[in-house]
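Peer 1: Below, each chain spelled out in residue letters.
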Amino acid sequence: MTHLEAPVTAEVARAHGLSEAEFAQVRAILKRDPNLTELGIFSVMWSEHCSYKSSKKWLRTLPTTAPWVICGPGENAGVIDIGEGLACIFKMESHNHPSFIEPHQGAATGVGGILRDVFTMGARPVANMNALRFGEPAHPRTRALVAGVVGGIGGYGNCVGVPTVGGETNFHAGYNGNILVNAMTVGIARSDRIFYSKAAGVGNPVVYVGSKTGRDGIHGATMASAEFSAETEDKRPTVQIGDPFTEKLLIEACLELMATDAIVAIQDMGAAGLTSSSFEMASKGGLGVELDLDTVPTRETGMSAYEIMLSESQERMLLVLRPDREAQARAIFAKWELDCATVGRLTDTGRMVLLHKGRTVADLPIDPLAKASPEYDRPWVSAPKRPVIDPAQVAAAPPLAALKRLLACPDLASKRWIWEQYDHMVLCDTVGRPGGDAAVVRVHGTRRALAITTDVTPRYCAADPKEGGRQAVAEAYRNLCAVGARPLAVTDNLNFGNPEKPEIMGQLVEAIAGMGEACRALDFPVVSGNVSLYNETDGRAIPPTPGIGGVGLIEDSAKLTSLAFKRAGASIILLGETRGWLGASLYLREIAGREEGAPPPVALHRERRAGELVRALISAGQVDAVHDISDGGLLVALAEMALAGGIGATIEPWGKLAAHAWCFGEDQGRYLVTAPSAAEAGAVLEAARAAEVAARVIGTGGGTDLTLAGQGSMSLAELREAHESWLPAYMAEAAGT
Amino acid sequence: MQAAVIVFPGSNCDRDVALALAASMGRPPLMVWHRETELPKVDLAVLPGGFSYGDYLRCGAMAAHSPVMRAVVARAKAGMAVLGICNGFQMLVETELLPGALLRNAGLRFVCRDVHLRVETSESPFARGYNAGSLVRFPVAHGEGNYFADQATLDRLEGEGRVAFRYVGPDGETSDTANPNGSARNIAGVYSADRRVLGLMPHPERLADPLLGGVDGRAMFDGLVEALG
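Chains as they are written, first to last, in our numbering: chain R, 1 to 737; chain Y, 1 to 229.
In short, the hints are calculated from the structure, not lab data. Quick caveat, the model's predicted, so the values are computed rather than measured. No residue lacks a Cβ here, since even glycine has one placed at the ideal position from N, Cα and C. There is no bait here: all hints are sound.
With the C-beta cut set under 10 Å, the calculated list includes, among others, these residues of chain Y facing chain R:
#	residue
1	Asn12
2	Arg15
3	Gly49
4	Gly50
5	Phe51
6	Cys112
Working from the sequences, and respecting the hints, build out all of it.
Peer 2: Structure below.
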């Protein structure tokens, strides 16, 4: 065993993000001091990003099974059965820290990474989504971050030829120092051709394919596990550079090889690159690995073992092949002009042995670095409960004027400027384009379709992490139901601050508890996910943001519905109970200028009944437009339906509630639906009664205005102008002025 | 009709256009890999959309020099029909089968949306399914579709009836707001002198199926089958 030159001290370990206790544990495991390469490997494998050491105790409480779940958390992505011998493979993952430092490349490589997580399991990626949180629009960096992130996502997704079909974008001062870029990929595979990362077969070749290894991204995983400070700019070299063209070739080459029986196991090289991929594969298989680093394709000469092992160069995969299939793999990768090199063999030692320039440069036990990595039960405290806000204590603005302001506020304004920069139609299966409740993508070659949504309401999570966690899942469920899809499973992307602070840990614990309750009540298990902690700058944490990516199945894509009003004369029906909940609402923040109050509670049993009713109504063809009611409440939902269809509406007076509470309250579990005519509305009301869902006709579609009885009218043209113009106008302002 | 779709590394609309062709032809077209040096006997070659060679160097520039393109150019000069869509149009100007160039969008951003086009002539194997002057809706999805040529070339194209489609508003009139990329004279597609080669930025194959929201693209593929047998 030859040690590298630099002496490894507790100080060097600290610089690698290892605590004193963790360094002591490293020495106990090895029964000696590690060398620098070994220390680097420990540091990335035990980073929060790779080890989930603060969150795994709580993640285990989430429901992860259902009859249709083929593979839950723990693999590269989750796998669910969608019938006809097909499986849907999906996951959402953050690329927050890199995107704040270098927005274009950070976001681009986020897309590349999540694509690899999905196609490494044998799926052709068919849709990308993204959930973005930026700082307040007035913050000097926000505009450039929006432009960079959107350009990066588009530049990567457009080139690889996977449609970016939807997502969500929020702006809030709480993200001024830490933006969130969460990317989701959905793919489709044959359910009998799923590929896993568990290595098997002592002596089998370990094969490296894809791009060459360079010096980029070294220690990205460690960076993603630390807070930011004013010196963060210096970390730009830890951001990786993406090449979507190579990714496209890698997708095609891997899928071509996957059509053969050459592959035993496959894993993408994501965070911590060659280190985490080789450790995870060996650990899952209970085997050892010997790697000859001289055979790793490198982009530059003179790379050290440390650099080769910790590089996060993009577009690389690690494979274990059957012994006689190396030539077959080489031929396929040669066709696609990609590197393919046998870099090692599986052993039965349970150890990772690295050879470089004729010397053994590392010799580490595998399990303590992978599945037996540290786990913490960090102290946590509950968030203080906020009071419920009485609508009478909230200023009542004239509803139509308030509506116009809400439709133009940064969170609700049209995101067309963003999604028109994404190719959302390539592959010719996008039947529900961006702008709807959920994106809808046909399952190629079948009548089926997948509905996809990403949801979370950070202001609810900030007010009450548990209720916010419940609501994020419920809203995903609602958005899928609103297009007629049966919700099947979710992926979660948990974005929080520093878990070493008990109040932040409390947010994480309670949000997971809320999500778990909702997932159980709605039969909506978690099949994959990602945790991003330490989203803090100079000690200020982001609002707790547990993003949910939901997937649902539509059996017959001809029965799709959308939120757009379809015809004049249609009866507009409100489903669900309206109590005028204004606490933590968008109205309270944008119109009354107050960020306070308890968020609206989610009644999960009612949520489920309403969702099932809506799906039945869509399936029976009884409703021709459906929209869930969420941010901004009833009047905003109504305006969105009217704008999408280019058809106005007249709304009748409401009951005892104050106008602003009725129009803008964010009571949960509600939908607006339209029956084609007043005569057909009766059947919808009857079905709602049978399903024990509150329902009433609130108005009629028609004309070119939104009219509120007793409150006047506003033209759709005026509302549309307000809704569509905010983001383009904001982005057109000269940066920095 | 027999058709071939040429597949380059980085092509990503090859399957889409093959499906649209198959729907009109009743059988799938041949898929021809870029390294081939011979082209099978076909009546139509399609250069699909995508990012061939990652759009490195210049969009379409490297594809224009791939082995199969020598055969495509030679056969096009002998009268074979060639349809270049999006990245395929960029290749056609790089091979000089069509005049002009496709510059970065005037708005400097990638743009993906449905646009209205006016069919400028129906006198070609590609447009015989349309009436001259009629309006169709196709999607665009490109960052570099800003058609440019010098005034003399533009005048010649107009004079020879070689402007295939123009970006127009829903009223059928050209305007700056209807032009998604700043193309000279709102030109969305151009023909070769014999109108056997068409390059266009919009994607007819993306609206050739009612479930996708429209079928205006279908008539192009149906028309090709009729024209080319």
